[in-house]
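Visitor: So the sequences go chain by chain: A and B. When we follow the working numbering, the leftmost residue of the first sequence carries the number 13, and every step to the right adds one. When we follow the working numbering, the leftmost residue of the second sequence carries the number 13, and every step to the right adds one.
To be clear, the hints were calculated from the coordinates, so they are not data collected in a lab. Heads up, some of the hints might be wrong.
Intra- or inter-copy, both count: the list cannot distinguish identical chains.
[What the hints assert, rightly or not] Straight-line Cα separation of at most 16 angstroms, EDC-like style, residue types lysine to aspartate or glutamate; simulated pairs:
(1) Lys-144 to Asp-60
(2) Lys-214 to Glu-53
(3) Lys-152 to Glu-174
(4) Lys-89 to Glu-178
(5) Lys-286 to Asp-36
(6) Lys-126 to Asp-36
(7) Lys-144 to Glu-270
(8) Lys-152 to Asp-263
(9) Lys-23 to Asp-100
(10) Lys-126 to Asp-263
(11) Lys-23 to Asp-263
(12) Lys-267 to Asp-100
(13) Lys-286 to Asp-235
(14) Lys-214 to Asp-49
(15) Lys-238 to Asp-49
(16) Lys-163 to Glu-140
(17) Lys-126 to Glu-53
(18) Lys-23 to Glu-178
(19) Lys-284 to Glu-53
(20) Lys-214 to Asp-36
(21) Lys-273 to Asp-190
(22) Lys-238 to Glu-178
(23) Lys-152 to Glu-125
There are 2 protein chains.
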Amino acid sequence: MNNQQLFENIKKKGSFLCVGLDTDVNKIPAFLRDTTDPIFEFNKEIIDATASYTVAYKPNLAFYESEGMDGWLSLEKTTQYIRENYPDIFLIADAKRGDIGNTSSMYARAFFEKMNFDAVTVAPYMGEDSVKPFLIYSGKYVILLALTSNKGAFDFQFTAEETSGEKLFEKVLRISQDWGNEQNMMYVIGATKVEELSGVRKIVPNHFLLVPGVGAQGGSLQDVAKYGMNEQCGLLVNSSRAIIYASNSLDFAQKACESAKETRDEMYGLLKLKGLI
Amino acid sequence: MNNQQLFENIKKKGSFLCVGLDTDVNKIPAFLRDTTDPIFEFNKEIIDATASYTVAYKPNLAFYESEGMDGWLSLEKTTQYIRENYPDIFLIADAKRGDIGNTSSMYARAFFEKMNFDAVTVAPYMGEDSVKPFLIYSGKYVILLALTSNKGAFDFQFTAEETSGEKLFEKVLRISQDWGNEQNMMYVIGATKVEELSGVRKIVPNHFLLVPGVGAQGGSLQDVAKYGMNEQCGLLVNSSRAIIYASNSLDFAQKACESAKETRDEMYGLLKLKGLI
């Protein structure tokens, strides 16, 4: 996929929603736990219920790894199901990987070749050679952590440099411009740090941003759109728990559908306000 | 395991060697590729050949993930084989994970509960709440990335802070002292940055350091011991490629054994020089 195709899907659906498939076997409806593959069954229902309002899905790898081999199988089935039934979907592996060059090459192979994801989240701490092996795949994206949505973001990401006063997350945005471009890189910018969004857009005006932290974590969709939206939308706003766990009864898929639709409707309004649809 | 037990093993074996099981199916001897599980067969041979000279093994997760489900099975078999046959071994998941709190909890569960590793490498970029969920497991360790062995380490890890001049990796060492202690945290310090080791030891005198970068990456074992060894040794020096790929013919296990023994002999001398054995 490329930015233009992603933007076309956003316009078509009137949505820049990414649904996070953070599927925890202990949080899904009890009646699903007796099936052969509860995680996959849950995902399948959630996907069918939300796909009309969604341009991207983002399984968080931790939730699958914590189930061992069974979890990996559920993940493979989930990505395959999306590919077969919803070919327009942008598929993100939320993996936050990053290692020395020869190792990152192996991760790139895992996510782009073996599992056919469109994008993978990568941590920047180890620098250029930990990111570049992901960038050689045409039509695939690194989504680099810049400013994360959690409290711990304040521990290091705001460290201001001696000579310039530049904060670490700004340095990550700036330096990484030399590694790739807006057709193979995106950035994670948390919705809970919305006061930094205008500054972020000065450094990376054209890149897509993956924005977690709306919903359960408290960020505002209105503010994200106000300060972060560009002429190609340039936003994928993630919601996980508020959608997939909207109910844990028999109506869980219906409630997920309603929650996704509600978010889509708000997004539709914001896209219209910006004159993009 | 705790630091004292690890130190006892180091004294018993006269070695602080960690063998990195970065097993790439394309690099192992051709005749193994026809077996049902080439990665596990290779690992088994390497482990049996090197366990007398080694206190730790460190599978790098990327190499297993890149093989999909088969790779995860090979990893499970490998860790199980080590647990059953070499119970004294300290087992490190080189995974470089790190995510918001509820997600890091899932990774902790994956590595400590499902796979029974003693330690997992974690990236510090997302701060405290991304690390703490790993620290609640008694007898288990986070090995936090501080100063890595690769070239990309210079991109961000040396960023000096505005007011104090403190470098980012020093800040990681300092701040993370509040999260845990030397019985549940270690640090990654690359052997290729040995000129920083004395400074590192001023901040973390008692913690164990996991030191990659000796061998294929060019770091010096002598220098690492000179500037990094403390009264409990405090070092796990990793070597991967120089040992596991010492040969790719029929004699690969024998050559790995010789390479590990050579490193052990050098380590034995360094432990003796320090008066620890």
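Visitor: Does each hint hold? Answer for all of them.
Guide: We went through each hint and held it up to the structure:
Within a single copy, Lys-144 and Asp-60 get their C-alpha atoms no closer than 35 angstroms, and across copies no closer than 36 angstroms, so neither meets the 16 angstroms cut-off. Taking the closest pair of Cα atoms, Lys-214 and Glu-53 never come within 16 angstroms of each other, the shortest separation being 43 angstroms inside a single copy and 53 angstroms across copies. Neither within a single protomer nor between protomers do Lys-152 and Glu-174 lie at most 16 angstroms apart by alpha-carbon distance, with minima of 35 angstroms and 36 angstroms respectively. Taking identical chains as interchangeable, the C-alpha atoms of Lys-89 and Glu-178 are never at most 16 angstroms apart, the minima being 44 angstroms within one chain and 47 angstroms between chains.
For a Cα distance limit of 16 angstroms, the shortest separation of Lys-286 from Asp-36 qualifies neither inside one copy, at 36 angstroms, nor across copies, at 50 angstroms. Proximity of Lys-126 and Asp-36 under a CA criterion of 16 angstroms is satisfied inter-copy only: 15 angstroms between copies versus 23 angstroms inside one chain copy. For a Cα distance limit of 16 angstroms, the shortest separation of Lys-144 from Glu-270 qualifies neither inside one copy, at 40 angstroms, nor across copies, at 35 angstroms. Taking the shortest Cα distances, Lys-152 and Asp-263 never come within 16 angstroms of each other, neither inside one copy (36 angstroms) nor across copies (41 angstroms).
For the homomeric pair Lys-23 and Asp-100, the shortest alpha-carbon distance inside one copy (12 angstroms) is at most 16 angstroms, but the shortest distance between copies (59 angstroms) is not. In this assembly of identical chains, the alpha carbons of Lys-126 and Asp-263 never lie at most 16 angstroms apart, being 34 angstroms within a copy and 32 angstroms across copies at closest. Taking identical chains as interchangeable, the C-alpha atoms of Lys-23 and Asp-263 are never at most 16 angstroms apart, the minima being 29 angstroms within one chain and 61 angstroms between chains. In this assembly of identical chains, the alpha carbons of Lys-267 and Asp-100 never lie at most 16 angstroms apart, being 23 angstroms within a copy and 51 angstroms across copies at closest.
When the C-alpha separation of Lys-286 and Asp-235 is checked against a cutoff of 16 angstroms, the pair qualifies only within one copy, where the shortest distance is 13 angstroms, while the shortest distance between copies is 60 angstroms. Proximity of Lys-214 to Asp-49 under the C-alpha cut-off of 16 angstroms is found in neither arrangement, the shortest distances being 46 angstroms within a copy and 51 angstroms between copies. In the homo-oligomer, the alpha carbons of Lys-238 and Asp-49 never lie at most 16 angstroms apart, since the shortest distance is 41 angstroms inside one protomer and 54 angstroms across protomers. In this assembly of identical chains, Lys-163 and Glu-140 lie within 16 angstroms of each other by CA distance solely across copies; the values are 8 angstroms between and 26 angstroms within a copy.
Within a single copy, Lys-126 and Glu-53 get their C-alpha atoms no closer than 22 angstroms, and across copies no closer than 22 angstroms, so neither meets the 16 angstroms cut-off. For a Cα distance limit of 16 angstroms, the shortest separation of Lys-23 from Glu-178 qualifies neither inside one copy, at 35 angstroms, nor across copies, at 47 angstroms. In the homo-oligomer, the alpha carbons of Lys-284 and Glu-53 never lie at most 16 angstroms apart, since the shortest distance is 35 angstroms inside one protomer and 59 angstroms across protomers. When the C-alpha separation of Lys-214 and Asp-36 is checked against a cutoff of 16 angstroms, the pair qualifies neither within a copy, at 38 angstroms, nor between copies, at 42 angstroms.
In this assembly of identical chains, Lys-273 and Asp-190 lie within 16 angstroms of each other by CA distance neither inside one copy nor across copies; the values are 38 angstroms within and 43 angstroms between. Neither within a single protomer nor between protomers do Lys-238 and Glu-178 lie at most 16 angstroms apart by alpha-carbon distance, with minima of 24 angstroms and 36 angstroms respectively. Taking CA atoms no more than 16 angstroms apart as the test, Lys-152 paired with Glu-125 passes inside one copy only; the shortest distance there is 10 angstroms, against 33 angstroms between copies.
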